[in-house]
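**Student:** Spelled out, the chains give:
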Amino acid sequence: MATPTLTQTVDLVARFPGKVTADERPGYSGFIVTKESLIEVATAVRDEFGFDLLSSLTGVDYLAENKMEVVYNAYKTTGGAGLEFKVQVERVDPIEVPSLTGIWRGAEYQEREVWDLYGIKFTDHPDMRRILMWEGFEGHPLRKDWKEAFYEEEIKPYKSRWPEGKHTFAEDRNPFHDNLNLPKDFDPEKYVVDKEEDLYASLERHTMKDEEGKMKTDSVVVNLGPHHPSTHGVLRVAVTLNGETVMGLKPVMGYLHRNHEKIGERNTFTQIIPYTDRLDYFNSMSNNFGYVTAVEKLMKIQVAERAEYIRVIMAELSRIQNHLIFVGMLINDLGSMFTPAFYVFEERELILDIFEAVSGSRMMCNYYRFGGVVRDVSDEMLQKIKDLVFERLPAKTDEVERLLNENELLVGRLKGTHVLSAEDAINFSVTGPVLRASGVPYDLRRADPYSIYDRFDFDVAVRHNGDMMDNYLIRFDEIRQSLRILEQALKQIPQGPINSQKPNYQIKVPAGEAYGRIESPKGELGFYIVSNGKGNPYRYHVRAPSFVNLTAIEKMCIGTKIQDFVALLAMLDIVMGELDR
Amino acid sequence: MENERLSLPNYNIPEDLKDVVAITTLDRLYNWGRRSSLWPLTFGLACCAIEMIAAQMARYDMSRFGMEVMRPTPRQADMILISGTVTKKMLPVIIRLYNQMPEPKYVVAMGACASGGGPFKEGYNVVAGIDKFLPVDVYIPGCPPTPQALIAGLIKLQEKIDKDSLKKVRWYNKEKKDGNYVPMPILGPDLIDVRRNAEIRDIAAAKTTQESA
Ligand code: SF4
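Chain order of the listed sequences is A and B. Residues 640 to 1220, numbered by our numbering, are exactly what the first sequence covers, in order. Residues 13 to 225, numbered by our numbering, are exactly what the second sequence covers, in order.
Quick look at which bits of chain B chain A covers, simulated, 3 or more residues with Cβ under 8 Å:
id, stretch
1, 53-67
2, 136-147
3, 209-218
Not everything, but these chain B residues come out facing chain A in the computed CB check (under 7 Å):
id, residue
4, A70
5, K101
6, L109
7, F132
8, P156
9, L199
10, G200
11, I204
Since the hints were derived computationally from the structure, they do not count as laboratory data. Every residue, glycine too, gets a C-beta built ideally from N, C-alpha and C.
Bound-form chain B, shown alone (with noise of 0.2 Å):
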C-alpha cells in the first residue's frame, strides 16, 4: 500500500507508524481502490488495437500502472477502450456490450476515429465518433497513438477517478436508476438512433423528394 498516497497530508503520523498506520477519507480508499486495478474489456476494433496490444507488451508494459488484467466478457470490465473506426454495422454491438458492462464503468475513445470519425469519417458505413452515443471520458489523439500516448490517456483517467466523490458518482444516485442505459440503435435504411425518432420522422417528411436520392 503506497502510504503517502492513501494518508491525507495534513495528520502527523509518528515516523514509525507510517508504514503501519493511514489516516484518510473514506473517498480517497475508495478511489485508490479502483484506479489501481482499472480492468479493461478485451475489445479491439482496428488498426489502434494493434498499438493497444503493443502497450501490453514488454516495452511498454501497461501493468505496470494496474490496467493489464484484459477481461473479455464485459461483466468484469471497468472500462471500454474504442480503439478503432466505430461503423454503424458495428455500433449497436458496442453498446450492448457497454450496457451489459457493471457501474462504475468508463469509456476511453482511442485515436482519431473513435474520438471523431478520423480519416474515415466521410464513410458511408463510419459513426463520426463514439461520443455520439456512449458518454468519453477520455479522448487520445493520434492515429494511431502510440503507446506512450495510450499509457498517458489511461493514467489521465486514473487523475479523473482520484477527484471522484462517493457522494457525487452517478451509480450511488437513487433518483437516476440506470442512467447511462443507452437505448440500442437499430439497422434501417440507414444507422437510427432511436432517441432521436420523432426529429428524424419530421426531418424526413420535410425532405424534398428530389433530395432524398
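Okay, chain A solo, but in the shape it has when bound (with noise of 0.2 Å):
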C-alpha cells in the first residue's frame, strides 16, 4: 500500500499559537483556524509552507453541535503529504467566512457551490451568487435539517422497502402530488420570476472596458447553451463580445445538477457505488476507484492483491478511452464532423466490450467493491486486453496521429490560443491533462501514489506551452504512457482472490474523516468523506475535476475570439454529469 495521503509534515500549531488548533476529534486530522486568522494562516500555508495547490473546499453541517465548518485541503504541486485545515463558526445565520479568492482563485466556485447548497457566505468574494441552484429556490439543500420533497427518512434502508416492504409512491405522499416543496400560503399567480439580473450584473462587472481614446463600440450579451451542440451536454455559457471577441463571460451551470451529494447521504456506502458511476460518464471506473480509495482510507484496509492489479488495469483501459474521444470531440468540435470521431470510437466500442464482460454493463460498471471488486477476470479476457494493449492500441494511436497531427487546419487553429501560464494554471487549481500541458509534472499517480502505481515504470507525461496545441498532444502522450503501464501490469497480474473482505451489503466504517483522490483522465477526483460510525456516511463530498478546472475558462477567454471558445470547452474536456453532480 502506499503512504496516506494526510500524514502531517508541518506544524501549524506552533507556528500560530493561539490561532490555530490541532483537529483531535477521534478519527480526524489537521487544524481547526479561528475565522479571524484565516486569511493570515492561508497565507502562509501557500507562501511559506509552499502548498500551491487548494485542491478541495467544502461545507460540512454539524447539526447536533451547531456548527458549520469549511475544509480546505492543500497540496503541493512537487508532490507529497497535504495538508487539511478547517474553519468553524456558529450556525446560526447569517453564517460568514473570509474568501479565499484572494489566496487561491481556484476557490471561486468551490466556495459559491458552499454558498449555494450550505448558505455559508464567503465575504470579499468577487461573485457569490449560487452556482447550481436557481436564484429564488428556497433554502440551502445540504443542510442537515433541510427536506426535500420526496423525503422519507433520515437515511436508507428505508423501512418501506426493508425489512418490512410496503412501497407507497413518493408522489402520493407529498401534499402536491408531485416533487415540489412550497411554502404556506405561496401564489404562483403572484411570484414574480427572477429575471437573472444577478448573473448579468456580474457579467457587466468582469468585462472589459473600452480603452479611452479607442472608437466606442457597443457590445453585446449572447447566451451559448444550455442547449448547444457544442458544450459537451447542458453547460450555459453568458458572454459579452465585441465584434468576435469575448469581452466578459460567466458559466452558468446546474443544468444536470442532480443531488448526488444530498442522496449519497442518505445512501449506505456500498448504494453509492453505482451512483458514482454516474458522475463522469466516460470513465465510471475511475470515480468507482476514487471513492473506494477514500472509503477504504476511512476503513483502513488492504485490497487483495489480485484486485490492485485489475483495478489499475480496469482505471488505464478508461484513461485511453476517454482520451481517444477526447481527441474526436475535439476535432469534431472544430468542424470536422464525426470523420475522427467514428476513428476514435470504434476503438472505444472495444474497450467497452471488456468492460461490458467483466462488469455486465458497458457504461455504468459498477464494478470495485471495498477491498477488491466484484468479478474476477477470466483469462480468455485477460487475453482480449493483452490483444488489445499489445498490439492494436498502439498501432491505432500511430494512425489517429498521423492522420491529424500535421494537419494544417488544426495546428493553425490550435497552435498559440488559449494559453495558460504554469502559475496561473496551479492559482486556479486546475489539474489533469490542462495543468499537465501547462509544463507542471503533476499526476498523482507520482506525486501521492495510491493503489500500486508506485510498482509501475512509467513517465508523467508534460508539455510546456500550455496552449491548446500542448493540450491535444498531450493526450496522445498519456495514451502511450497508459499503455506502458498496462503492459507491466498485464505481466505481473497474480492469481489469487479478488476481495480481502466477506461480500457484504452493509459495511460499517469507523467514525472520523477522509480524503482520498485519484488521478482520473480529467484531473484530480477527490472525495472527501465524514462518517460517524453508522451505515451512512454524514458527509460526502466530490471533488470534481471538471467543476475545479472550469473556474480558469474566464481567464482564458477573456480577449480571445468567440469561435475558440467552443474549442476551448473542448480541451478542459469538461462532463456535465460530474460538473453539476
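Work from the hints to combine the two standalone chains into their complex.
**Tutor:** Here it is in C-alpha cells:
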C-alpha cells in the first residue's frame, strides 16, 4: 500500500499559537483555524509552507454541535502529503467566513457551491451567487435540517422497502403530489420570476472596458447553451462580445444538478458505488476507484493483490478510451464533423466490450468494492486485453496521430490559442492533463501514489506551452504511458482472491474523516467523506475535476475570439454529470 | 423505393411492372415518407446521450434506419430524444425547445431518468419523468439503454408512425390549433407547473405551518 495522504508534515499550531489548534476529534486530522486569522494562516500555508494547490474546499453541517465547518485541503504541486485545515463557525444565520479567492483563485466556484448548498457566505468573494440551483430557490439543500419534497427517512434502507416492504409512491406522500416543496400560503400567480439580473450584473462587472480614446463600440450579450451542440451537455455560458472578441464571460451551471451529494448522504456506503458511475459517465471505472480509495482509507483495510492489478488495468483502459473520445470530440468541435470520431469510437467500443464482459454493463460498471472488485477477470478476457494493449491500440494511436497531427487547419486553430501559464493553472486549482500541458508535472500516480502505481515504470507526460496544441498532444502522450502501465500490469498480475473482505451489503465504517483522491482522466478526482460510525456517510463530497478546472475559463477566454471558445470547452474536457453532480 | 412496403398487398400488379408502379393509399405514402426520415434534435442531457452518440457510430449505425440527420435547431427536427435526467432547472429549456419544434413532432424518453426519474428520482432538483410535461411516444428502458435498445425503441416509433392516419393526426385537426403547446413552467421557490396554479395555491394555503419547513 502507498503512504497515506493525510500525514501532517507541518506544525501550524507552533507557528500560530492561539490561532490554530489541532483537530483532535477521534478519526479526524488537520487543524482548526479561527475565523479571524483564516486569511493570515492561509497565506502562510501557501507562501511559507509551499502548499500552492488548493485542491478541495467544502462545507460540513454539524447540526448536533450547532456548528458549520469549512474544510480546506491544500497540496504541493511538487508532490507529497497534504495539509488539511478547517474553520468552524456558529450555525446561526447569517453565517460568514472570509473568502480565500484572494489567495487561491481556484476557490471561486467551490465557495459559491458552499454558499448555494450550505448557506455559508464568503465575505469579499468577487461574485457571491448561487451556482447550481437557481436564484430564488428556497433553502440550502445540503443542510441537515433541510428536507427534499420526496423525503422519506433520514437514511437508507428505508423501512418501506426493507424489512417491511410496503412501498408507497413518493407522489402519494407529498401534499402537492409532485416533487414540490412550497412555503405555506404560496401563490404562484403573484410570484415574480427572477430575471437573472444578478448574472448579467456580475457579467457587466467582469467585462473589459473599452480603452480611452479608442473608437467606442457597442458590445452584445450572448447566451450559449444550455442547448448548444458544442457545450458537451447542458452547460450555459453568458458572454459579452465586442465583434467577435470575448470581453466578459460567465458560465451558468446546474442544469444537470442531480443532487448526488444529498442522495449520497442518505445512501449506505455500498449503495453509493453505482451512483459514482454516473458522475463522469465516460469513466465509471475511475470514479469507482476514487470512491473506494477514500472509504478504504477510513476503514483502514488492505486490498487483495490481484484486485489491485485489475483495478489499475480497468482504470488505465478507461483513461485511454477517455482520451480517444477527447480527440474525436475536440476535432468535431473544430468543424470536422464525425470523421475522426468514427475512428476513435471504434476503439472505444472494443474497450467497452471488455468492461461489459467483466462487469455486465458497458458504461455503468459498478465494479469496484471495498477491499477488491466484484467479479474476477477470466483468462480469456485477459488475453483479449493483451491483444488490445500489445497489438491493436498502439498501432491505432499512431494511425490517429498520423491522420491528424500535421493537418494544417488543426495546427492553425490550436497552436498558440488559449495559453494558460503554469502559475495561473496552479492558482486556479487546475489539475489533470490541462495542468500538465502548461508545464507542471503533477500527476497523482507519481506525486501521491495510491493503489500500486508506485510499482510501475512510467513517465509523467508533460508539455510546456500551455496552449491548445499541447493540450491536444499531451492526450496522446498519456495514452502511450497508460499503455506502458498496462503492459507491466498485464505481465505481473498474480492469481489469487479478488477481495480481501467478505461480500457484504451493509458495511460499518469507523467514525472519522478521509479525503481520498486519484488521478482520473480529467484531473484530480477527490472524495471527502465523514463517517459517524454508522452505515451511511455523514458527509459525502465529490471534488470533481471538471468543476474545478472550469474556474480558469474566464481567465483563458477574455480577449480571445468566440469561435475558439467552442474548442476551449472541448479542451477542458468537461463532463456535465461530474460538473453539476 | 421499397415496393413491397408501399404497395397494398391486395392489388395484383403484373410482374414486369412491379418495380415501376405502386398502388397504395395516401396514408401509407405519407407515413412511409415520414417514418423513413426521422430527424432527431441534437440534444443530449446526461449519460444516456453518450449511448446515443455511440448508436450513431460505425458499429450500430443508426443511419441504416433513416434517423441519423441530427439537427441542431428544433425548427428542423421531427423528434426530440430526452436522453438523460431532466432537472428542474433544465425543464423550461426543454419545454421551449419542444414548443419550437414544428408538427409533426415526437418525443422519445430514453432511459430510466427520462421515463420516471430513475436513480435520481428522490433528488430535489429532479423531475420524475418528462411525461409530467410532454406527451411521450416511446419509452426506452435501461440505465443507460444500450445502443441496440435505443434503435429498437426508435423502430417502435416508426411502427407507431405506420399506424397514423391523415384523418386523425392531431396536426391536421382544425379545432385543436396548437393543441400540443405546453405552457412554460416557472422557477420559483421550487419548479411550478403553471397549469396547476389554482390547485397549488389551495394546497399551499391548506398546509399547516410546521409542514412548510
Ligand atoms: S437513465 Fe441512467 S444512464 Fe440514463 S441519464 Fe439516467 S442515470 Fe444516466
